[in-house]
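Produce the complete structure using the sequences and hints provided.
Keeping their order, the protein sequence lines are chains Z and Y. Quick note on numbering: this note's numbering labels position 164 of the first sequence as 172, and the sequence is numbered without any gaps. Quick note on numbering: this note's numbering labels position 166 of the second sequence as 168, and the sequence is numbered without any gaps.
Hints may be right or wrong, so weigh each one.
Claimed, not checked - Here are the simulated lysine to aspartate or glutamate pairs, EDC-like style, with alpha carbons at most 20 Å apart:
hint : chain 1 : residue 1 : chain 2 : residue 2
1    : Z       : 98        : Z       : 130
2    : Z       : 146       : Z       : 175
3    : Z       : 143       : Z       : 175
4    : Z       : 10        : Y       : 43
5    : Z       : 146       : Z       : 61
6    : Z       : 89        : Y       : 5
Claimed, not checked - To give a feel for the contact side, a few chain Z residues facing chain Y, derived at Cβ under 10 Å:
hint : residue
7    : 74
8    : 87
9    : 102
10   : 103
11   : 117
12   : 124
13   : 139
Hints listed in this document are in silico derivations from the structure and should not be mistaken for laboratory results. Treat the numbers as computed from the prediction; the structure is a model and nothing was measured. All C-beta atoms, glycine included, are put in the ideal place defined by N, C-alpha and C.
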Amino acid sequence: MKLRDTLLGLVVLAALAGGVWWARSRGGAERAPAAGSPAAPAAAPVDPATLPDATLADASVDLGDVRLVLSADRPVVAFAKSRFRVRAEKDGAAVPIGDGRLSFEMAMPMGDHRYSLVGGEDGWHVVEAVLPMCKSGKRTWFATLDGNVAGQPRTARWRIDLTPAAEASAPPPAPAP
Amino acid sequence: MIETVSLLGFLSLGLLGGFGHCVGMCSPFVLFVSRRYAAPDAGRAAAFRAQLWYTAGRVLTYAILGALAGALGGVVQLAGALLGLQRAASVVAGAVLVLWALVALSDLVPGLETGGSLFAKVAARLKGRVPGHPFAVGLFLGLLPCGLLYSAVIAAVARGGPLEGALALLLFGLGTAPALLGVSLADELLARHRAFVNRLSQVFLLAMGAWFLWTGLRGS
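Shown next as structure tokens:
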């Protein structure tokens, strides 16, 4: 009886481990395209550390003929409404992004948050999003832009690290004497 | 503007998140429910029933959150209101897990075993305070701070109404169930009836409880 339970338990445990592997392998980092690509082809694994980081400053992805820039109201605070702006440039001038969409994912399964871009000023396209933070403390999200720019479907990707709400509301450190 | 997620998308988010997320974060509560609401000699059916009640309570809380998100049409107001509540839930749940694990482990520490000590009085009082039914535990623990749940609530905003939001979160909650019921089954087969492994799971409960308590107090 005990041996049978043990074997059954190990089978259940193996099924759980398989489920965890399956779920995690479908996470954002593994299946997304590289930082920038003309279309969205079958993806190769991506090291998140190599993605342009829009956490502290605007970050751009150069696709050769066009450049895509992601900007955000900083810091990007967890659980708070954040405004993200995207701009496409060709030869230094803004060009429109057709059917633009900015989606947010984490490496772990946290859903795929998709927002349609809304046209703003000076060629900037805007979305307002609320990004949650996992209790485990993982705070890196991946923002993926999909849209038609200069007659071609384009995809670009950035990383953004969230600031926990508690840190955002903490007073800044006192200046050194 | 946030794009609408299909109902199937919510179910799949729950299913994926259940394995990729809840197995790690929520398994201490699954272990707790089995130990608290099903005596070791009551059989597997009793433990499974307790887990189903716990799941039903959790899913009902999710559905209420989904209805609120759908009704408000924006998650920011809900997020603001919930953050404080969720921190409190984290502290209470963490404290209960810690005390429960300490009571379970107390016979290992000389002087702490139940028998008139202050600790025994605390333990007896705790037993009186923990809800008497796993459904109530599920209702309460559905409020635990969880990024995955928030993701689903945010997506529910785009469903455009309280009923639609509730249905979306109901499916999300049901999607998380297979992974957690799997944890319960593995616990039943491998841990709960084996003294040494059961001790290990009590230590795990203690550690996770302390972590929930700490993160709740710290506000993260």
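Each hint, compared with the structure:
At roughly 14 Å between alpha-carbon atoms, residue 98 of chain Z and residue 130 of chain Z fall within 20 Å of each other, so this suggested pair holds. A threshold of 20 Å between alpha carbons decides the hint, and for residue 146 of chain Z with residue 175 of chain Z the separation of about 14 Å falls inside it, so the pair holds. The hinted pair formed by residue 143 of chain Z and residue 175 of chain Z meets the criterion: a straight-line CA distance of about 14 Å does not exceed 20 Å. At roughly 15 Å between alpha-carbon atoms, residue 10 of chain Z and residue 43 of chain Y fall within 20 Å of each other, so this suggested pair holds.
A C-alpha spacing of about 16 Å is found between residue 146 of chain Z and residue 61 of chain Z, which places the hinted pair at or below 20 Å, so the restraint holds. With a C-alpha separation of about 16 Å, the suggested pair residue 89 of chain Z and residue 5 of chain Y falls inside the 20 Å cut-off, and the hint holds. Contact between residue 74 of chain Z and chain Y, as hinted, is not supported at the beta carbon level, the nearest pair being about 24 Å apart and thus beyond 10 Å. Hint status for residue 87 of chain Z relative to chain Y: holds, with the closest Cβ pair at about 5 Å, below 10 Å.
Given hint, residue 102 of chain Z at the interface with chain Y, is violated; its Cβ is 21 Å from that chain's nearest Cβ, farther than 10 Å. Here the hint on residue 103 of chain Z is broken, as its CB sits about 22 Å from the closest CB of chain Y, past 10 Å. The beta carbon of residue 117 of chain Z comes within 4 Å of a beta carbon in chain Y, closer than 10 Å, and the hint placing it at the interface holds. Taking 10 Å as the C-beta cut-off, the interface hint given for residue 124 of chain Z holds, the closest approach to chain Y being about 5 Å.
Checking residue 139 of chain Z against chain Y: minimum C-beta separation of about 8 Å stays under 10 Å; hint holds.
Checked against the numbered hints listed earlier, the structure breaks hints 7, 9, 10; every other hint is satisfied.
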